[in-house]
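Asks: The residues making up each chain are set out below.
There are 2 protein chains.
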Amino acid sequence: MFTFDLLATDGQARAGVFHTPHGDLETPVFAPVGTQATVKAVTPDQLRALGATLVLANTYHLYLRPGDGLIAELGGLHEFMQWPQPLLTDSGGFQVFSLAKIREIDADGVTFRSHLDGSVHRFTPEKSVAIQENLGADIIMAFDECPSPYDRAYNEAALARTHRWAERSLRAHTRRDQALFGIVQGGVFPDLRERSAEFIASLGFPGHAIGGLSVGETKAEMYAMLEVVNAVLPEDKPRYLMGVGTPQDLIEGVRRGVDIFDCVLPTRLARHHAAMLQDGGRLNLRRQEFARDPRPIDAGCTCYTCQHFSRAYLRHLIVAKEMLAATLLSIHNLHTLVHLAQAMRQAIREGRFEAWAAQVLAAAGQGGLP
Amino acid sequence: MFTFDLLATDGQARAGVFHTPHGDLETPVFAPVGTQATVKAVTPDQLRALGATLVLANTYHLYLRPGDGLIAELGGLHEFMQWPQPLLTDSGGFQVFSLAKIREIDADGVTFRSHLDGSVHRFTPEKSVAIQENLGADIIMAFDECPSPYDRAYNEAALARTHRWAERSLRAHTRRDQALFGIVQGGVFPDLRERSAEFIASLGFPGHAIGGLSVGETKAEMYAMLEVVNAVLPEDKPRYLMGVGTPQDLIEGVRRGVDIFDCVLPTRLARHHAAMLQDGGRLNLRRQEFARDPRPIDAGCTCYTCQHFSRAYLRHLIVAKEMLAATLLSIHNLHTLVHLAQAMRQAIREGRFEAWAAQVLAAAGQGGLP
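Chains as they are written, first to last, in the numbering used here: chain B, 155 to 524; chain D, 155 to 524.
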């Protein structure tokens, strides 16, 4: 269980298989985000049909509502949300630092107020792992701190905490049917990132996550950090770039040795009427120019939405404020990223990834790939 | 085309097949309502999977937005909303009288203000038929007036208009691939209903609708009107009870010779967290008592929602304000009424409808069937 087979590489890009209790995960893979135990506006049947294999859920949200104890009592998260394939939960750290009101951060953990009702709670590495064991995802995360990326002194202090918390998360973890991933932090500082990757790798996690990116730094800084970190992380374990993102970032990430991605972007854009195109561009389908457009969103796309519905119909749903708009756009946007990851896997296995990536990224120069 | 084969009767209840250009419609049938060219929160694939065969769309709404001309240009309503099975449109009359601000009703038609932007429009029988020809549904409706049911003098005057408008709708109708149904009105007055049924039946429509019921009168009055009208309407043509409704009304309607029903109730209840049960009861799934309930909504139900999800999960989605709640409850509620109609058809074909109906309605005495 939780072995990672590298099937092919092309430069730093890797095609692999990560074995989990809920099935083999083919990488590179993009994971839709189901924050509250549902990928917004999409059923599990629709997720499976669009090609999703791994789904992420948020520990912070599910701890607050409906409660991890309740989910455990009902058979765990797979059963609760009816996603029988691999699941991943984050540690709750990111949401505590971005969504909740922090009361206190100390060496032991974080005290915060719920964004729902202001009630006071405390997360420690042990607590985060216990919640994630109740939820029962296949892949779970060590508790970490995700600081703003540019403050050197703060990042050094936070990194020390994150490393202690990684050790404590590992000690607290008891379920053999879950893979606990360690998280590399370090802001935009190459030496901190390198130190973090070395330390986290030394702990013997079955997989590694790269956190604290796509949080305000530049693209160049993000890509540079990936290069530093992945030069250190062992090749025989999967690498997960947290909270990323755009088609360009998926390609640039795979190019630098990343295997797993997740992001709310495709479903969030969908709820704001934006369709993601395979070439990286976007269409705002609310625009008047689509009112009589009989074409699908993206000519080459094989998703349910593009196989059936015109831009004109989708615009009508948006203007008429119909819920079906969010569903159909979410299906399309998720399909676009899930299939981008699958296309990269195929290109890597066929030894043509670098050429493929260069071509796609060059095309992006003409207005695509944000 | 548009012949109606009566396959079996049991008392006044009928099992038949209505032949349309988009397939044979087995009756009794319940039609989900897709007001704005979408059954709210449900995809056409999900509609087909739950057993829907006939879908209704609203002429008034689609005329205003996105416009019937635009829909015609894009290939008609079947193509636009991707519903390849039979479609039905109403005449727009009911919405003009219930939703719009009336400016003037005269012998020729109705002038009204749009509920969307206050713009002034005029519907006449000829205009309503022209819009419905642009939309292209299989079954379309004569333009009628649906008055408040208790004012005798007003109902007499409105009925005279409705009868003239029925004649004019028939003359205006040119598409051979659409069945134009005449509508019987007459409020709660048996003699007006009888007169209307006789007059409308004399015009030779391929099917008949019963309008102006479920608009404020008592159940007893509605059932009495059905008996009066269906004693007059010819047996070899389908009968459509407009805007009805509840499980009990479907059973009482079929018992009195009705073949086709439509209603917004199942999808509207779904958006307000209420699940319809097969025995006619309802569950408000937002209630605390369902927080840890592992059971499906309805033990015997075969819908996607009941085959997969617990009451606890559905309550979580509702409390967390997730869109998926409306989708899963809509699927369940629509499935309940669609399958109730199918169960009645089966019982009629097996000559056990009256016994079945008596049993179900008796069970309703213990708190079911609203």
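Honestly, I wouldn't trust all of these hints.
Since copy identity is lost for identical chains, a pair holds within one copy or between any two.
[Unchecked claim] Taking lysine-lysine and the BS3-like style, the derived pairs with C-alpha atoms no more than 30 Å apart in a straight line are:
1) 281 x 475
2) 373 x 475
3) 255 x 475
4) 373 x 281
5) 475 x 194
6) 373 x 255
7) 194 x 373
No lab work stands behind these hints, which were simulated from the structure alone.
Asks: Flag every earlier hint the structure violates by its number, smallest first.
Replies: 2, 4
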